[in-house]
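Colleague: Residue strings, one per chain:
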Amino acid sequence: MAALERAVIVGAGLAGLRGAEALREAGFSGSLTIVGAEPHFPYDRPPLSKHVLAGAIPAESTALPHGLDADVDWQLGTPAAGLDRRAGTVRLADGRALPYDRLLIATGTRARPWPNPHEGRLAGVFTLRGRDDAAALRRALAAGPRRVLVIGGGFIGCEVASLCRKLDLPVTLVDPGPTPLARVLGRTIGAFIGAIHAGHGVDLRCGTEIEWLEGAGGRLVRAHCVGGGRIEADIAVVALGAVRNTEWLDGAGLSVDPGGVDCDGAGHVLDAEGQSDPQIAAAGDVARFPHPLYDGRRVALEHWSHAVAQAAHAGRLLAGAPPDAAYGAMPTFWSTQGDLVVKSAGLTQGADAVVIAQGNPATGRFIALYGRAGRCIAAVSVDSARWLPAHAELVAAGAPFPPAGAATDRPKGVAILDPGFS
Amino acid sequence: MSTRADASPGSPPGLRVSVDLNLCQAYAQCCYAAPRHFRIEGHEALFYDPAPAAQDRDDIERARVACPVQAIRVEDRGRGA
Numbered sequence: 001m002a003a004l005e006r007a008v009i010v011g012a013g014l015a016g017l018r019g020a021e022a023l024r025e026a027g028f029s030g031s032l033t034i035v036g037a038e039p040h041f042p043y044d045r046p047p048l049s050k051h052v053l054a055g056a057i058p059a060e061s062t063a064l065p066h067g068l069d070a071d072v073d074w075q076l077g078t079p080a081a082g083l084d085r086r087a088g089t090v091r092l093a094d095g096r097a098l099p100y101d102r103l104l105i106a107t108g109t110r111a112r113p114w115p116n117p118h119e120g121r122l123a124g125v126f127t128l129r130g131r132d133d134a135a136a137l138r139r140a141l142a143a144g145p146r147r148v149l150v151i152g153g154g155f156i157g158c159e160v161a162s163l164c165r166k167l168d169l170p171v172t173l174v175d176p177g178p179t180p181l182a183r184v185l186g187r188t189i190g191a192f193i194g195a196i197h198a199g200h201g202v203d204l205r206c207g208t209e210i211e212w213l214e215g216a217g218g219r220l221v222r223a224h225c226v227g228g229g230r231i232e233a234d235i236a237v238v239a240l241g242a243v244r245n246t247e248w249l250d251g252a253g254l255s256v257d258p259g260g261v262d263c264d265g266a267g268h269v270l271d272a273e274g275q276s277d278p279q280i281a282a283a284g285d286v287a288r289f290p291h292p293l294y295d296g297r298r299v300a301l302e303h304w305s306h307a308v309a310q311a312a313h314a315g316r317l318l319a320g321a322p323p324d325a326a327y328g329a330m331p332t333f334w335s336t337q338g339d340l341v342v343k344s345a346g347l348t349q350g351a352d353a354v355v356i357a358q359g360n361p362a363t364g365r366f367i368a369l370y371g372r373a374g375r376c377i378a379a380v381s382v383d384s385a386r387w388l389p390a391h392a393e394l395v396a397a398g399a400p401f402p403p404a405g406a407a408t409d410r411p412k413g414v415a416i417l418d419p420g421f422s
Numbered sequence: 001m002s003t004r005a006d007a008s009p010g011s012p013p014g015l016r017v018s019v020d021l022n023l024c025q026a027y028a029q030c031c032y033a034a035p036r037h038f039r040i041e042g043h044e045a046l047f048y049d050p051a052p053a054a055q056d057r058d059d060i061e062r063a064r065v066a067c068p069v070q071a072i073r074v075e076d077r078g079r080g081a
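Which chain is which? The protein sequence lines are A and B, in order.
Counting from 1, one number per residue, gives the positions in the first sequence under my numbering.
Counting from 1, one number per residue, gives the positions in the second sequence under my numbering.
Errors might be hidden in some of the hints.
EDC-like mimics (lysine to aspartate or glutamate), calculated; alpha carbons at most 20 Å apart, straight line [said to hold, decoys possible]:
hint, chain 1, residue 1, chain 2, residue 2
1, A, 166, A, 339
2, A, 166, A, 203
3, A, 166, B, 41
4, A, 166, B, 49
5, A, 166, A, 234
Because the hints were derived from the structure by calculation, they are not lab data.
Construct the entire structure; sequences and hints are all you get.
Modeller: Following this line, the structure appears as structure tokens:
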């Protein structure tokens, strides 16, 4: 390999960092530049919505351990603004152009903002994605708000709401869906988890949508629900999911849309004609790729372990030491919601049935196993992490659903439930 | 801003700890090995200190080694030199 080759990694998050490490470990000895939109060195996001909001650790202590030496050119605080594949350059927001021979796209996502920008700018209205977001929200929570309104009952929304209860703060969680987590876990399992949070004092308002946020003197004072009803709250956390950072790739001739930048099975990006670009790979939240475990369905996964594993794969690919197999790690994630831990293996999307495979929702500890067309496709543990690997094996093997086997604490006569995706 | 770091980009001297919570199964061995830096809340929610003081490296190393699922990663940036 030519030592003078230049590698550029766009995105200084978990995926960019692990991709850079893999590139070096696989023997790449050329110049290495890492571009980050934020002024911070790579940091770990999961603690932001948990430990940092709880006040257990300061936001700046989330810097990630890494194995890179000093021979890295960090371009931090300057987002990438464009990609010119013919010239082989990444254009930065400050106008400079960085030439590359190998490029890793790892720009991730940002928080979806409150749709009304004026209301979104009210003091007391927050999103939670970056380290600075977490530090600001922590300060607001520590000041003892009257009530926190969490808008959106996905994982971040549930984490923030349950954490507020740990801090003994009054909190209302609103979601237009029938239960929290309904989109990812379905309403059957979502209802079980929602009941646990309600039991801890979260004021859960499902089937409720916020129409507008009212301010006074530039500060949030209350939220108005669609169809009437008001929620008095001086803090609102907008947890409406994430938007992929793909805009900088407009005009680059790649196959890209708000759902991600498309990759082939190996991890190289595809151009608009569907041809692979061997100089460019993508990894992490922004990369949409055909998942071999799910019949090649194209997915973009916003999971911590996925960012690590796919970036390691992409780094080796770009170093010219491609892994033997296409990237196809089992998707896994965890979510710490107050003292409750939810973990998942596999993808629930398309499930047509679910069983409580172990434990009992009434006790707050159980494993839910999801099936599709007679095969196991995902397993979710609620405060039962030790039992998850055994069920994840069923998912990895595409084992028949419902599974045979008989755990000792398995409910008698396992009921096959409608998972409640709609 | 162009930052060509001198030695340890992004990390001040001392220890950095990260735990892969996908792997963690709450065996809590780290909590016995380094009780001031790891604790379990509820049934299995692990809270840990990602930036322990350098003088605690022996405790942290004991925790790392004790983990039955090897979920703990430690980066040691030296003794503050």
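Colleague: Hint by hint, note whether the structure agrees.
Modeller: Cross-check of the supplied hints:
1. A:166 - A:339: holds (8 Å)
2. A:166 - A:203: Holds, at about 14 Å.
3. A:166 - B:41: Given pair residue 166 of chain A, residue 41 of chain B holds - Cα atoms ~11 Å apart, limit 20 Å.
4. A:166 - B:49: holds (18 Å)
5. A:166 - A:234: Distance of about 18 Å is within 20 Å: holds.
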